[in-house]
Amino acid sequence: MNPRIEHLKKKKLIGLNVKMSLTDNRTGQLWRQFSPRVKEVQNRVADDKISLQIYPPSYFEQFKPTTEFEKWATVEVTDFQEIPNGMKTLIVNGGLYAVFDYKGPSSDMSIFQYIFSKWLPSSNYAIDDRPHFEVLGSQYKNDDLESEEEIWIPIRQK
Numbered sequence: 001m002n003p004r005i006e007h008l009k010k011k012k013l014i015g016l017n018v019k020m021s022l023t024d025n026r027t028g029q030l031w032r033q034f035s036p037r038v039k040e041v042q043n044r045v046a047d048d049k050i051s052l053q054i055y056p057p058s059y060f061e062q063f064k065p066t067t068e069f070e071k072w073a074t075v076e077v078t079d080f081q082e083i084p085n086g087m088k089t090l091i092v093n094g095g096l097y098a099v100f101d102y103k104g105p106s107s108d109m110s111i112f113q114y115i116f117s118k119w120l121p122s123s124n125y126a127i128d129d130r131p132h133f134e135v136l137g138s139q140y141k142n143d144d145l146e147s148e149e150e151i152w153i154p155i156r157q158k
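Those letters in the sequence shown? Residues 1 to 158, by the working numbering.
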């Protein structure tokens, strides 16, 4: 599976976030809080939802499943004029991304194993210290075998 390489423009996001680790995965809880409130967000760019992770700088070099990172449940907006009560804003700066079109259940982590242990080491790229995210579009069906999403990995030339 080869990704397409895209230069992302700056994104403005509104949503909710939580600190978590892979061993204390609170993704479901976060989305259960955010999903019913999505309609409160004004000036959305699209119907897509964005699941985003902000990892500490050494997260991948010294990987431990207990290391905490920031997880976001968001949508992209044109501006921050109206922010629903209790929600936060986040700006994702532009840059180079490897974009993987993934089909399968969100619980299957083998795609990430492939990206970080096979594709990345054999590519001309290294992980960049910017947010990682998944675009959950109209074909996304959570943990369904037919679910589709885009996985965006921040990269830079080696």
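Hint data in this document are derived by calculation from the structure and do not stem from the laboratory.
Note that the coordinates shown come from a computational prediction; the quantities given were computed from them, not determined experimentally.
Please note that the accuracy of each hint is not assured.
Under the rule of at most 30 Å between Cα atoms (straight-line distance), these lysine-lysine pairs were calculated in the DSS-like manner [unchecked claim]: (1) Lys12 with Lys103; (2) Lys64 with Lys118; (3) Lys12 with Lys158; (4) Lys88 with Lys158.
Distance windows between CB atoms, simulated [said to hold, decoys possible]: (5) Gln157 with Asn43: 31 to 41 Å; (6) Thr67 with Ile91: 17 to 27 Å; (7) Lys118 with Arg37: 16 to 26 Å; (8) Pro36 with Lys118: 21 to 31 Å; (9) Gln81 with Asn2: 17 to 27 Å; (10) Asp24 with Gln62: 31 to 41 Å; (11) Gln157 with Arg37: 32 to 42 Å.
The beta carbon of each residue, even a glycine, is placed where N, CA and C say it ideally should be.
For each hint, the structure was consulted:
Simply put, lysine 12 and lysine 103 have alpha-carbon atoms about 26 Å apart, close enough for the 30 Å limit, and the pair holds. A hinted pair counts as satisfied when its Cα atoms are at most 30 Å apart, and lysine 64 with lysine 118 qualifies at roughly 19 Å. Between lysine 12 and lysine 158 the CA atoms are separated by roughly 28 Å; this keeps the pair inside 30 Å, and the hint holds. As the CA atoms of lysine 88 and lysine 158 are separated by approximately 34 Å, the hinted pair breaks the 30 Å bound.
Under the hint 31 to 41 Å, the C-beta atoms of glutamine 157 and asparagine 43, about 35 Å apart, fit the expected range. About 24 Å separates the C-beta atoms of threonine 67 and isoleucine 91, a value consistent with the hinted range of 17 to 27 Å. Hint check: lysine 118 to arginine 37, Cβ distance near 38 Å, so the stated range 16 to 26 Å is violated. Taken as a hint, the range 21 to 31 Å is violated for the pair proline 36 and lysine 118, whose Cβ atoms sit roughly 38 Å apart.
Taking 17 to 27 Å as the suggested C-beta distance range, the pair glutamine 81 and asparagine 2 does not conform, at roughly 40 Å. Distance hint for aspartate 24 and glutamine 62: a CB-CB separation of about 18 Å, inconsistent with the stated range 31 to 41 Å. Between glutamine 157 and arginine 37 the beta carbon distance is about 39 Å. The supplied range of 32 to 42 Å therefore holds.
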